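As a plain string of letters, each chain reads:
2 protein chains.
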Amino acid sequence: MLAVTILGNNSALPAFDRHPTAQVVTMEDQIFLVDCGEGTQMQMAKYKIRRSKINYIFISHLHGDHYFGLIGLLTSMGLLGRTQELHIYAPPPLQDIIGLQLKVADIELAYPLHFHHLTAEGVILREARFEVSCFPVYHRIECWGFCFREVRPLRRVNPEKARQNEVPASFFDRLKWGENYLRKDGVLVDNLSVTDPAPKAKSYAYAADTLYDERIAEQVRGVDLLYHETTYLKDLGEQAGKRFHSTTEQAARIACIAGVQRLLIGHFSSKYEKLQVFEQEARDTFPNTELAMEGVTYKI
Amino acid sequence: MLAVTILGNNSALPAFDRHPTAQVVTMEDQIFLVDCGEGTQMQMAKYKIRRSKINYIFISHLHGDHYFGLIGLLTSMGLLGRTQELHIYAPPPLQDIIGLQLKVADIELAYPLHFHHLTAEGVILREARFEVSCFPVYHRIECWGFCFREVRPLRRVNPEKARQNEVPASFFDRLKWGENYLRKDGVLVDNLSVTDPAPKAKSYAYAADTLYDERIAEQVRGVDLLYHETTYLKDLGEQAGKRFHSTTEQAARIACIAGVQRLLIGHFSSKYEKLQVFEQEARDTFPNTELAMEGVTYKI
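The listed protein sequences derive, respectively, from chains B and P.
Last residue of the first sequence? That's 300 in the numbering used here, and every number before it is there in order.
Last residue of the second sequence? That's 600 in the numbering used here, and every number before it is there in order.
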């Protein structure tokens, strides 16, 4: 199970009841927060995302529309009695900013808060069932994309075959991990005979604020879902380049070159009230494109 | 014309679609922003408060629910092309926080931003028609209340009497300021004969987060409208004291002692979904009490 829920799909200036960037990635039993614009904690309440389930937060860069909601979320977690560890992956200066804000408020968080500084591309978090890596994107200040990958998805137990072979249900979890079962009568039940192959490992890549750069396609090659910013429609390519942002057509071109399955577009400029034409323009180049809409969960 | 519009009436943890503290005080042609919790710029858009009209911002203290929305508002003002000066009155460390956030984002605001450090009680802003003063309140960290006073309200022109005395409409503005009119025939028209007395100067005091302290009553004596926090109902007086907050009954007692005209209560704890009992309890002690409700303008 891998999915992304959009909490904010707008660029810097909130408009038309759209919010600055924030996304929630759900992978297995983990919820990851990716960027955290102002008002993210209110959006989480609105869309019933449980703050307490978040253990990892990834911040792409230190423009405010991607992190001004973080300090409020962190202090609210404290007020709600959080005690479990929280890990933040972000450009190094974020630690100073958060530290200063806590200090002047005379607040000591009751939970351990760990900052992990983003300094080089590569895997930044590896657990038994997933890994997260970061890669550079190309914005006015240092900015990172993130790639979430399932690793070693588990085989699926075929309950009928398992029962026919007298494997007890209590052993099913171990079957998933590939173990054979030794029956009491000495017969060894081969794992492959009672399980189906694991589903393909899924992947999601988040290309934060960036201008068009084909090096990004290399970083996200073949992912199941790519989020790529599209601040502007294609007629504003020059403005996009000057401001280190991308157009619909450029995002779609990256999706083509990278050979991804689906493309999700967002970070829409406040100059646009209606979004449908973003979808149309991107689909001209990459048909399997969807708009990132707030409150919607995109399953992978 | 003096009025206050509530943008956020909740305490630190946003809940029940209530927002952290922010208020807009309208005095003559000025709009003052008082505190600026997370999401204030979205609340301003919702309630049609024009960001461009704000030239003065007052921050009571550096707990996040009173200022986390400020940096987002400041950067949005920049994106909207603001060029006129903006003045912020706040505890000194705020300047460092905002400065650091702008620096890491590599943003230079296109408008002049002036910080005025709150360090002692007294008048902090004086213009021809109004003045603003600050006074200490008693919270876990340094915290200030603000008092907004009209000064020298203008006399009201009586158009009928003025016309009878052949004063041209182009002179009416000078009549308001108390000038006499010299007619072409040499007759001096006495100001008092063609104007009515100025209305009483109005005043509004904002007592931010504080525990019960009767020194506050001295500071806000006789104001037309007092806002006083009531984080808790009266049965939680002990908890209120420990957390440097007030109850309904305590706020109402301050209003009584201070001899104010009306009391507005807010900063409700997230533990309370319904607010009606706040009003009831306060009215038991001070009948002329109203709940501070988001989106509502209280005229003075």
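A few of these clues could be false.
[To be verified] Quick list of simulated restraints, FRET-style, between CB atoms:
1) P:I441 <-> B:A3: 38 to 46 Å
2) P:H416 <-> B:M293: 39 to 47 Å
3) P:H416 <-> B:P112: 33 to 41 Å
4) B:N55 <-> P:K574: 43 to 51 Å
5) B:Y111 <-> P:K574: 24 to 32 Å
[Claimed, not checked] Over the 10 Å line for every Cβ pair with chain P, so calculated as not near, a few chain B residues:
6) L94
7) R140
8) I257
These aren't lab readings, by the way, just hints derived from the structure by calculation.
A quick note: this is a predicted structure, and the numbers were derived from the prediction, not measured.
Note that beta-carbon positions come from the ideal geometry of N, C-alpha and C, so glycine has one too.
Comparing the hints with the structure gives:
1. P:I441 <-> B:A3: 38 to 46 Å: holds, 41 Å
2. P:H416 <-> B:M293: 39 to 47 Å: holds, 43 Å
3. P:H416 <-> B:P112: 33 to 41 Å: Once the Cβ atoms are compared, 38 Å apart, the range 33 to 41 Å for P112 (chain B) and H416 (chain P) holds.
4. B:N55 <-> P:K574: 43 to 51 Å: violated, 34 Å
5. B:Y111 <-> P:K574: 24 to 32 Å: holds, 31 Å
6. L94: violated, 8 Å
7. R140: violated, 6 Å
8. I257: I257 (chain B) clear of chain P: closest Cβ-Cβ about 29 Å, beyond 10 Å.
Figure legend: structure checked against the earlier numbered hints; hints not met, in rising order: 4, 6 and 7.
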